[in-house]
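Chains G and R supply the protein sequences, listed in that same order.
Each residue of the first sequence is one higher than the one before, counting from 1 in this note's numbering.
Each residue of the second sequence is one higher than the one before, counting from 1 in this note's numbering.
None of these hints come from the bench; they were simulated from the model.
Treat the hints loosely; a few may be bogus.
Claimed, not checked - Derived CB-CB ranges, DEER-like:
id, chain 1, residue 1, chain 2, residue 2, range
1, R, 35, G, 5, 41 to 49 Å
2, R, 102, G, 61, 15 to 23 Å
3, R, 61, G, 5, 14 to 22 Å
4, G, 35, R, 152, 24 to 32 Å
5, R, 36, G, 113, 51 to 59 Å
6, R, 70, G, 35, 12 to 20 Å
7, G, 2, R, 51, 40 to 48 Å
8, G, 113, R, 74, 50 to 58 Å
All of these numbers come straight from a predicted model, not from anything done at the bench.
Glycine is no exception: its CB is placed at the ideal position from the N, C-alpha and C atoms.
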Amino acid sequence: MNTEIQKYIDSGLLEAYVTGSATPEEEREVLFYKQRYPEVKDALNQLELDMEAMAFAMAIPPPPTAWDRIETEIDDIILRERSEPTKFTEPEPKVAPEPDMPRYIDVQVQDSHMKIHKAWRWVFAAVFVLGKIFLGCAIYFYLENRQAKQTIMELKTEIKALK
Amino acid sequence: MSQPSASLSGPTAMHTIYDQYAGMLYGYIFEVVKDKQLAERYLMMVFNDLPHQLHDLLQPGVNVYHKLQQLTRKHLKDIFGSQQTIIDGTGVNGHIPARPNKFLDKMSAEQKHVFCNIHYYGKSVSTVAAEMNSAEEEVRKVLQQAFAAIRRVA
Chain G
1 MNTEIQKYID
11 SGLLEAYVTG
21 SATPEEEREV
31 LFYKQRYPEV
41 KDALNQLELD
51 MEAMAFAMAI
61 PPPPTAWDRI
71 ETEIDDIILR
81 ERSEPTKFTE
91 PEPKVAPEPD
101 MPRYIDVQVQ
111 DSHMKIHKAW
121 RWVFAAVFVL
131 GKIFLGCAIY
141 FYLENRQAKQ
151 TIMELKTEIK
161 ALK
Chain R
1 MSQPSASLSG
11 PTAMHTIYDQ
21 YAGMLYGYIF
31 EVVKDKQLAE
41 RYLMMVFNDL
51 PHQLHDLLQP
61 GVNVYHKLQQ
71 LTRKHLKDIF
81 GSQQTIIDGT
91 GVNGHIPARP
101 NKFLDKMSAE
111 QKHVFCNIHY
121 YGKSVSTVAA
131 EMNSAEEEVR
141 KVLQQAFAAI
151 RRVA
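Sequences are here, hints too, so could you generate the full structure?
See the structure below:
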């Protein structure tokens, strides 16, 4: 192993980095050495494992309700972030409609109701009235037909009696 | 300890990380603040901050515990600033552990002093060196010896 690198490893800077007590400059230096020299990387990994082993031995089970509270808090944060209003941006100017075209505003609504042009109400009224007329006619012709059938039956009975 | 996989989705990864490391962090925070309720509050702060760090945390080659501890130290900054080092009879050991600590037991008084001031009191090497009236290189050497003691126990 390079003596200079070994000297660097033995300087105690890696320990300072792992415990978070190094200066930002020293941290940058350690990360540079870590990237460049596998020996430094291995030494650093070992120190991180030492810290982890110590923490593992000194662990205390957190209160049983802690995770539920953390989860609720995180869900709230995620919901808050999702519902954050988007930044207003100036809409692009729309091209004016042709003078002979009807002026409708293209709006998308969230509710389940449909809105249509007022002109359609006369069409619906006409359909309704025509429907009533046809219904009236149907009842009238049904009754007429029944009356005619009854008359025919009576006439047939009379003819049979005459014979 | 097996590292959480980068392929895990956000909530699953969070839960896996919590299961693996919450106890370790809680133990560390408790040693710093010496109050279980306060320690729980800091633990929650760390994990509430985690969704923003999750991507970096799950990168291959990253020691998750080390990253979590860095994050915890950031949150404990106020506590670190308000702590007073307790000097015992020897005038060297500034930390009274909240629970028996076999790692600290294996350290010399000087190693314990340096390690505890850095690890549990969040002090920088330069601050500890100034307090001990010695050079930073010396403090780093003592810190290194403290790690050697930890490794012997681990």
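Does the Cβ pair residue 61/R, residue 5/G satisfy 14 to 22 Å?
holds, 19 Å
Verdict for residue 36/R, residue 113/G (Cβ pair) under range 51 to 59 Å:
At 56 Å between Cβs, range holds.
Tell me if the beta carbons of residue 70/R and residue 35/G are separated by a distance inside 12 to 20 Å.
Holds: the Cβ-Cβ distance is about 18 Å, inside 12 to 20 Å.
Beta-carbon spacing of residue 2/G to residue 51/R - inside the hinted bounds 40 to 48 Å or not:
Between residue 2/G and residue 51/R, where Cβ atoms are some 41 Å apart, the hint holds.
Using the C-beta atoms of residue 102/R and residue 61/G, is the stated range 15 to 23 Å upheld?
Given range 15 to 23 Å: holds, Cβ gap about 19 Å.
Is it true that residue 113/G and residue 74/R lie within 50 to 58 Å of each other by Cβ?
This hint holds: roughly 52 Å between Cβ atoms.
Using the C-beta atoms of residue 35/R and residue 5/G, is the stated range 41 to 49 Å upheld?
Since the Cβ atoms of residue 35/R and residue 5/G sit about 43 Å apart, the hinted range of 41 to 49 Å holds.
Quick check on a hinted range of 24 to 32 Å for residue 35/G and residue 152/R, using CB atoms only.
holds, 30 Å
Hint compliance for this structure: no hint is broken.
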